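Colleague: Protein sequences, first through last, are from chains C and P.
Last residue of the first sequence: 109 (the numbering used here), numbering continuous.
Last residue of the second sequence: 822 (the numbering used here), numbering continuous.
It should be emphasised that the hints constitute simulated quantities derived from the structure, not laboratory data.
One thing to keep in mind: the hints can contain errors.
[As the list claims (entries may be wrong)] Covered, in the sense of this in silico footprint (three residues per stretch, anywhere, with C-beta under 8 angstroms from a C-beta of chain P), are these stretches of chain C: (1) 19-26; (2) 42-55.
[Stated by the list, open to error] Part of the chain C face toward chain P, derived, beta carbon under 10 angstroms: (3) 60; (4) 76; (5) 80.
[To be verified] Lysine-lysine pairs mimicking DSSO-like chemistry, simulated, CA-CA at most 30 angstroms apart: (6) P/665 with P/615; (7) C/46 with P/799; (8) P/525 with P/613; (9) P/763 with P/722; (10) P/722 with P/777; (11) P/665 with C/46; (12) C/92 with P/522; (13) P/665 with C/30; (14) C/46 with C/30; (15) P/532 with C/29; (16) P/781 with P/541; (17) P/532 with C/92; (18) P/522 with C/46; (19) C/29 with P/665; (20) P/532 with P/777; (21) P/532 with C/46; (22) P/796 with P/781; (23) C/46 with P/814; (24) P/541 with P/613; (25) P/574 with P/796; (26) P/781 with P/689; (27) P/722 with P/665; (28) P/525 with C/92; (29) P/777 with P/615; (30) C/29 with C/46; (31) C/46 with P/796.
Since we're looking at a predicted model, the values are computed, not measured.
Note that beta-carbon positions come from the ideal geometry of N, C-alpha and C, so glycine has one too.
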Amino acid sequence: MSDSQGPLWEVFVQKKAGQPFVHCGNLHAYDKEMALQNARDLYTRRGEGMALWVVLSDAIVSSSPEDMGSFFEPSNDKIFRHPTFYQIPDGVGHM
Amino acid sequence: MGRVNVEEVFEAKLAKNDFIEPKDWMPENYRKHLIRQISQHAHSEILGMLPEGNWISRAPSLRAKLVLLAKVQDEGGHGLYLYTAAESLGISRDEMLNALLTGKAKYSSIFNYPTLSWADVGAVGWLVDGAAIMNQVMLQRSSYGPYSRAMVRICKEESFHQRQGYEIMTHLSFGTPEQKAMAQDALNRWWFPTLMMFGPPDRESPNSENALKWRIKRETNDQLRQRFVNQTVIQAEYLGLTIPDKGLVWNEAKKAYDFSEPDWAEFKNVIKGNGPCNKERLVSRNKSHKDGEWVRAAAAAYGKKQMEASLAA
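Produce the complete structure using the sequences and hints provided.
Modeller: Here it is, written out as structure tokens:
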């Protein structure tokens, strides 16, 4: 979605080194550098993060709400993916 | 599984206090209501920079100037969060800006009143931001996800705004008699316009019913107004200032204050464009937009070149 304000970018902030980048919002900018500077001014004025990603919104591929059920279902019925599915004998310590 | 009824899914989400997200199906009127409300909210943040910006160059100390600059910068940021929240509903930034610049869009009536003295900057922070927070705390639980998330960010930033305003009022109220008189004068002029910020009384609020049904709002205009009055009286008492309402009395039965209604004819008149500063605000906004035109054009041209170069690489 582009207009006189430049294209839309999504902004991700990393709070501390080692933590995941979390989506915090979006903004308009004309190029990468401006997107990064605007993201800093708009989303990290109070120490909200130490690193930023900006990504053109158009470049993001997302699942659609109608997919919700079928798309994510498999992980729910495969209970053997979860550690609680398995019996561990007493006396072998923490596993 | 049969075909899912999108309307039922929408209703079920509301019933469960789930959030509605941009790609979810939503009734057209829900979308329209949100676009109107969120864009007006965004415009209010942007126009709200003008009455306070008026005092940046004349702040009485360097500390006061730094604080006010930071606050006005926050308001600009709030406008941007809200514009993108509205854009997620399918309206473009240009459409919204054009509506604002041509005077078609509405924004909070409060910003059409002038800031005549430094005490007004205090009163705006204390009362206007106080009222805005009350409304925005409720909107954090609004049913539309992007609106709710914008509100969470905004509320985190707003509490400094109200406190800095109250600090100004404290300095003036405990200062010289002239300073205290300034503070009282500001309270006299801002009290009723602030009460109007919550919108028309419930009995004649045309948009409230849907907003409540769809959980865009959680409380009515009158409920929020009552809570604001209850909370603010003690703060005025501490300052030794008098709220300019002879009808303001504690009502033991309802455990809340009774108070006089604002002049709703004045409210409607200001909304219509006839407030003390409506014209000035629009002229200022149009001037900044026009003055910035060459910057946008240059940035767009430079950005285009950069993007092309990075795609070619």
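Colleague: Failing hints, ascending?
Modeller: Going through the list in order, the structure violates hints 8, 18, 20 and 26 and respects the others.
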